[in-house]
Amino acid sequence: MTTALVAGKETGASAEQLAAARRVLMLIAIWGALITVPLWLPLLGGYTALAGRVLVFGLAAMGLNMLLGFTGVMSFGHAAYFGLGAYGAGLTLRYLVHSTPLAMLAGTLLGGLAGTLFGLLIVHRRGVYFAMCTIAFGQLWYYLAYSWNSFTGGFDGLRDFHREAIGFGPLRLDIESGGTTFYFFLLGVFAVGVALMGFLLRSPFGRTLLAIRENERRARFLGIPVEQHIWLSFSISCFFTALAGTLYALLNNFADPLALHYSLSGYFLVMTVIGGMRTFWGPLLGAAVFVVLQDYISSMTVNWMSFIGVIFMAVVLFFPRGLLGARRRGAA
Amino acid sequence: MSKLATSVPRRTFVQAGLALGASQVIGAPFIIKARGEEPVKIGMVNPLTGVLSALAQSEVDGAKYAEAEINKKGGILGRQVQLLVEDSANDVGTGVQKTRKLIDRDQVDVILGDVNSGIAYAMSQVTNEKKVFHVVPGGHTDPITGTNCKWNVFRVCNTTTMDASAITPELVKRFGKKWFFITPDYAYGHTLQDAFVKALTKLGGTYDGDMLPINNTDFSATLIKAKAYKPNVLLNNMGGLTQINCMKQFTQFGMQKEMALGGALFELESIKGCPPDAQTGWWTMEWWWNQPNVPEVMKFVADYRAANNNKTPSARDWFGYVSVQTVRLAAEKAKSLEGPKLAAALEGLELPPDVALQPGKVFYRAGDHELMPNIFVGEVHPPKGDASDVFTTAELVAGEQAAGSVADTGCNMVRPT
Chain A
1 MTTALVAGKE
11 TGASAEQLAA
21 ARRVLMLIAI
31 WGALITVPLW
41 LPLLGGYTAL
51 AGRVLVFGLA
61 AMGLNMLLGF
71 TGVMSFGHAA
81 YFGLGAYGAG
91 LTLRYLVHST
101 PLAMLAGTLL
111 GGLAGTLFGL
121 LIVHRRGVYF
131 AMCTIAFGQL
141 WYYLAYSWNS
151 FTGGFDGLRD
161 FHREAIGFGP
171 LRLDIESGGT
181 TFYFFLLGVF
191 AVGVALMGFL
201 LRSPFGRTLL
211 AIRENERRAR
221 FLGIPVEQHI
231 WLSFSISCFF
241 TALAGTLYAL
251 LNNFADPLAL
261 HYSLSGYFLV
271 MTVIGGMRTF
281 WGPLLGAAVF
291 VVLQDYISSM
301 TVNWMSFIGV
311 IFMAVVLFFP
321 RGLLGARRRG
331 AA
Chain B
1 MSKLATSVPR
11 RTFVQAGLAL
21 GASQVIGAPF
31 IIKARGEEPV
41 KIGMVNPLTG
51 VLSALAQSEV
61 DGAKYAEAEI
71 NKKGGILGRQ
81 VQLLVEDSAN
91 DVGTGVQKTR
101 KLIDRDQVDV
111 ILGDVNSGIA
121 YAMSQVTNEK
131 KVFHVVPGGH
141 TDPITGTNCK
151 WNVFRVCNTT
161 TMDASAITPE
171 LVKRFGKKWF
181 FITPDYAYGH
191 TLQDAFVKAL
201 TKLGGTYDGD
211 MLPINNTDFS
221 ATLIKAKAYK
231 PNVLLNNMGG
241 LTQINCMKQF
251 TQFGMQKEMA
261 LGGALFELES
271 IKGCPPDAQT
281 GWWTMEWWWN
291 QPNVPEVMKF
301 VADYRAANNN
311 KTPSARDWFG
321 YVSVQTVRLA
331 AEKAKSLEGP
341 KLAAALEGLE
351 LPPDVALQPG
361 KVFYRAGDHE
371 LMPNIFVGEV
381 HPPKGDASDV
391 FTTAELVAGE
401 QAAGSVADTG
411 CNMVRPT
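Keeping their order, the protein sequence lines are chains A and B.
Take 1 as the starting number for the first sequence in our numbering and just add one per residue.
Take 1 as the starting number for the second sequence in our numbering and just add one per residue.
A couple of the hints might just be wrong.
[Stated by the list, open to error] Pairwise CB distance ranges, derived in the manner of DEER restraints:
| # | chain 1 | residue 1 | chain 2 | residue 2 | range |
| --- | --- | --- | --- | --- | --- |
| 1 | B | Asn308 | A | Pro38 | 42 to 50 Å |
| 2 | B | Lys299 | A | Leu144 | 31 to 39 Å |
| 3 | B | Asn308 | A | Pro101 | 50 to 58 Å |
| 4 | B | Gln256 | A | Tyr129 | 41 to 49 Å |
[Claimed, not checked] Computed footprint of chain A on chain B; a stretch qualifies when at least three of its residues, placed anywhere within it, have a C-beta under 8 Å from a C-beta of chain A:
| # | stretch |
| --- | --- |
| 5 | 99-110 |
| 6 | 184-197 |
| 7 | 362-371 |
If you're looking for bench data, these hints aren't it; they were derived computationally from the structure.
All C-beta atoms in this analysis are idealised placements derived from N, C-alpha and C, irrespective of residue type, glycine included.
All chains should be modelled from the sequences, with the hints used to inform the complete structure.
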């Protein structure tokens, strides 16, 4: 608090330095916490698979946030790409090859390309029409997975596949058994995904997205091809969400139609809004809050969604910028 | 300046308060972790929300009753039993997550669950991977103890094949061979209908039918189709709340005058949820509370009612009860709680009369880990006197006769070396 006060008095240059220092500190804190999860989580009564879920949902929500928070376009159908990623990975492992990296590649491509193609159809829609189209398209995949029993396993989900150990020549990464090794594998993929996302958002492309979010008409008058950018943003966002979906399939050794259902899209939005949709790391925090609360409260009462709902409302009323956004007031 | 000075602390204060509050909520369960003697932990995953919730709750009730009874008699291997119940929300992903949670965090010795066969199967992948002993109280699809059987998985309820082959001759004999199926579109429905079709075509019958979503609410289109087909028997294979809705709409259409009604399961919980004119048809019960000739049953029912607000135990209560008792019986024989030893001890084990609660020999078949109880075939009717007296047993079919041989199930049991 005193630092904030001092910062207010200081000159612009040192304020900027301070902000940079804070950002570095925050990055150290986040990565430090994530890397040491296997050490401290069991002490708090958690378990490593829970942290894995946080990473997976965090990555999906961050992918969604690229569209929602940084481009200003609302999608209610991101579960479709998440689920397509999961099914893509699962189907590959089950029917095609027993290779984890290939399965991840196939799942990410399936979800991402579906999003890219679909995006073409809807970039001219705005607001509620855009959101409605995304729901409808998402449900289409849900019912496809639900009713194609012989191929996808229908309501019971896609089974009889499991993640395979990854070989790098003589080296072998044994992620089959789950546990800490698998967590670090997830963290590694998460880190690559997040680094790529951060890089994209800091690039001129990312700045252009912000401009579109802040004032679409002005961006258009500046000669920015708005539709093309929204389409790209939607498409890239779908690729990240699909990547998270493939990790979800590996985490559970299983893919089910509810991973495609619009209610999951709603959960992604809730995570993003709770964490803070104008911040880069907000959705990860939101996912952590959501997953941990779900895991903990649902053991005590079947009405755990009511508690999430109350927290969601409290956040919207008191921290409209989300939990992480609240500490950065004034920053866009 | 002054604005900055006042607003920043308040916000920080609120945040700190919220964080502190959250840490209290989230931190609470971890304090009670330190214990002296660890109890035997049994984790149960069941769909306490969703269309199967009534059935799931009965299984939990039965399991809790067994937990209390065992604890009163000194526990399992001298340790008290603790039952941990988790809601799978009738969703496979959640069920898998809860299973991992029970094994990884709560370190349970045994897993029970789930009513939904799809979830039960997905759970068995996890328990098998973790080498944890797993009892399926009430998920009926054949593969769990058939083509997908696993060394660590045992099942209390019947397979769909057992139920279907027990009731089919009765329905054909009484009503005819032209059938119409209303079947839920998931693992349970598929295997049940397949089992019926197999038994029916063997007797030279014909059929038609509809597959509907598991949460279906409107049956009018299907019922119109059924009416046009003019079957002898309509088989309602839906489960839980959906079955009740289907029965209600069936009677609203006045169709009970045109065709007989029947199927594999019409459970006590569901019968009670139907109006009297929908309490009809020929069905199987996997256990029935009213067995005046078996003294153990009469005592069990009386004690159970006394302990559970006068609730009459259904087959589901019995599944839950038998599942927990099974853990005790296996542990006492194995003198251990390790998965492989429990599984080896349970193969071929015969339930004592106060657990079996029915006449004859009731045992876990070694070849496929399926419990072989009697199947109660009979007629459902509106209550006679007692509010739960809604079923009259016509015949007891021996489980092994209905199940066929182990080779028929397709189970190839691979045991750990």
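Verification of the hints:
1. B:Asn308 with A:Pro38: 42 to 50 Å: Given about 43 Å between the Cβ atoms, the range holds.
2. B:Lys299 with A:Leu144: 31 to 39 Å: violated (53 Å)
3. B:Asn308 with A:Pro101: 50 to 58 Å: Holds: the Cβ-Cβ distance is about 54 Å, inside 50 to 58 Å.
4. B:Gln256 with A:Tyr129: 41 to 49 Å: holds (48 Å)
5. 99-110: Contact hint for the stretch 99-110 of chain B vs chain A: holds, 4 residues under 8 Å.
6. 184-197: holds (count 4)
7. 362-371: With 0 residues in contact (Cβ-Cβ under 8 Å with chain A), the coverage given for the stretch 362-371 of chain B is violated.
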